[in-house]
Amino acid sequence: MSPVVELVEHAPAVSVPVPDVIGRALAVGDIVDAAPDPYTPGRWSLRAGSKVGAVTVTAPCADEPFTVRVTPKVPIARLFFLLGYSLDPKGTWRDGEVEVAEHRDLLPPMAHAMERQVDRALRQGLLQSYRATEESALVVRGRIREAEQIRRRFGTILPVEVAHDEFTTDIAENRILRTAVDRLLRLPGVPREVRRRLLHQRSRLADVTVVVRGRQLPAWQPTRLNARYHHALHLAHAVLDGWSAEHAPGGLRIDGFLVDMNKLFEDFVTVALRDTFAGSGHVARLQDPHHLDDASAIRMKPDFVLYGPDRVPCAVVDAKYKAEKRGGYPDADLYQILAYCTALALREGHLVYAKGNASHAAHHVRHAGIVIHQHALDLDQEPAGLLTDIAEVAGRLTPVRAHSTPSV
Numbered sequence: 001m002s003p004v005v006e007l008v009e010h011a012p013a014v015s016v017p018v019p020d021v022i023g024r025a026l027a028v029g030d031i032v033d034a035a036p037d038p039y040t041p042g043r044w045s046l047r048a049g050s051k052v053g054a055v056t057v058t059a060p061c062a063d064e065p066f067t068v069r070v071t072p073k074v075p076i077a078r079l080f081f082l083l084g085y086s087l088d089p090k091g092t093w094r095d096g097e098v099e100v101a102e103h104r105d106l107l108p109p110m111a112h113a114m115e116r117q118v119d120r121a122l123r124q125g126l127l128q129s130y131r132a133t134e135e136s137a138l139v140v141r142g143r144i145r146e147a148e149q150i151r152r153r154f155g156t157i158l159p160v161e162v163a164h165d166e167f168t169t170d171i172a173e174n175r176i177l178r179t180a181v182d183r184l185l186r187l188p189g190v191p192r193e194v195r196r197r198l199l200h201q202r203s204r205l206a207d208v209t210v211v212v213r214g215r216q217l218p219a220w221q222p223t224r225l226n227a228r229y230h231h232a233l234h235l236a237h238a239v240l241d242g243w244s245a246e247h248a249p250g251g252l253r254i255d256g257f258l259v260d261m262n263k264l265f266e267d268f269v270t271v272a273l274r275d276t277f278a279g280s281g282h283v284a285r286l287q288d289p290h291h292l293d294d295a296s297a298i299r300m301k302p303d304f305v306l307y308g309p310d311r312v313p314c315a316v317v318d319a320k321y322k323a324e325k326r327g328g329y330p331d332a333d334l335y336q337i338l339a340y341c342t343a344l345a346l347r348e349g350h351l352v353y354a355k356g357n358a359s360h361a362a363h364h365v366r367h368a369g370i371v372i373h374q375h376a377l378d379l380d381q382e383p384a385g386l387l388t389d390i391a392e393v394a395g396r397l398t399p400v401r402a403h404s405t406p407s408v
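Using my numbering, you'd call the opening residue of the sequence shown number 1 and step up by one each time.
Calculated from the structure, these hints are not laboratory results.
Predicted model, so just to flag it, every value in this text is computed and none were measured.
No more than 35 angstroms apart at the CA atoms, straight line, and that leaves these computed lysine-lysine pairs for DSBU-like:
id, residue 1, residue 2
1, K325, K301
2, K51, K301
3, K263, K51
4, K322, K51
5, K325, K263
6, K51, K320
7, K73, K320
8, K355, K263
9, K90, K301
10, K355, K325
11, K90, K355
12, K301, K355
13, K90, K73
Given only the sequences and the hints, what does the whole structure look like? Please build it.
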């Protein structure tokens, strides 16, 4: 068994025996906070931040791989709800078909969910479509690329540079699924039975090209024809966004799957708020770019900006994956939302936190006529209660209340 260190998100640091080469890799890889123990050689102080999941570091000079697992503070079931809602508010992959209550780690249920969704997508066979293909051929198919033929084959007849549409399974949707399955199979910690089923899914996608790491995933558009793939594709993107594998100097290899709880909370809050205002005549924009100054030199991107029917900003929200401490929330958050209100000419701004001592507080800014609201969501409650709290936040954003509570 390879060494495994168990950490908890945002828990105090622990001192563990770690080879120096692996400790340095953890430190520079922005995986956990890592520093040499000043009192004991060969030991490192490791502290998990907001990233949860598992990472394995392999070094040529080490006897065996070294694994770090970071457990989230919120229950895995709640994390899956946040992830599922932010990916697809009306999705069904978070409908309870994957038992997550028994797990403390993120990777096993994620691999299980991915396998289930791929199986559901491929149940009626692989999706096929026409793909534009350019190639050198001995026979003419489609149209001749005259400019390319002259440039590459000037003075020769064969081969011919042609372009044609090919009806194939090697299309964007299948490539994304195949790549997600392949990368999950590379990770340690996937249960044996789930790994066996993932291998079966990979065999079904055997004729599909894997997207090489570093290259952009192919684009796809949701349509009626690929509707049965939608949930699997949303989850595949989450798998590929959280997956990491890289070669570091000295022959080091880092493999892992990590989810940043900061981004996950931000995505959930903003998507749920946008869903609340659907059909109300308002327009919600996420990560909407603006500038603080007239010269457009100071850029800012509020998490959520709500525009009224007249397309004028009427509310701004920033989500913070933080819990209120004894001294309150950080003042820097207040300064940030104040800057947003100033740039957008708004009288009120809203900060949404993961947990607090009260569900709502308001601060009146002197001489500015601006009110800053602080809202706290309790992530320990059931999804229905969480979405009810989101609806209450939405109700404070504008005099015109949102139409409904987001659906679970």
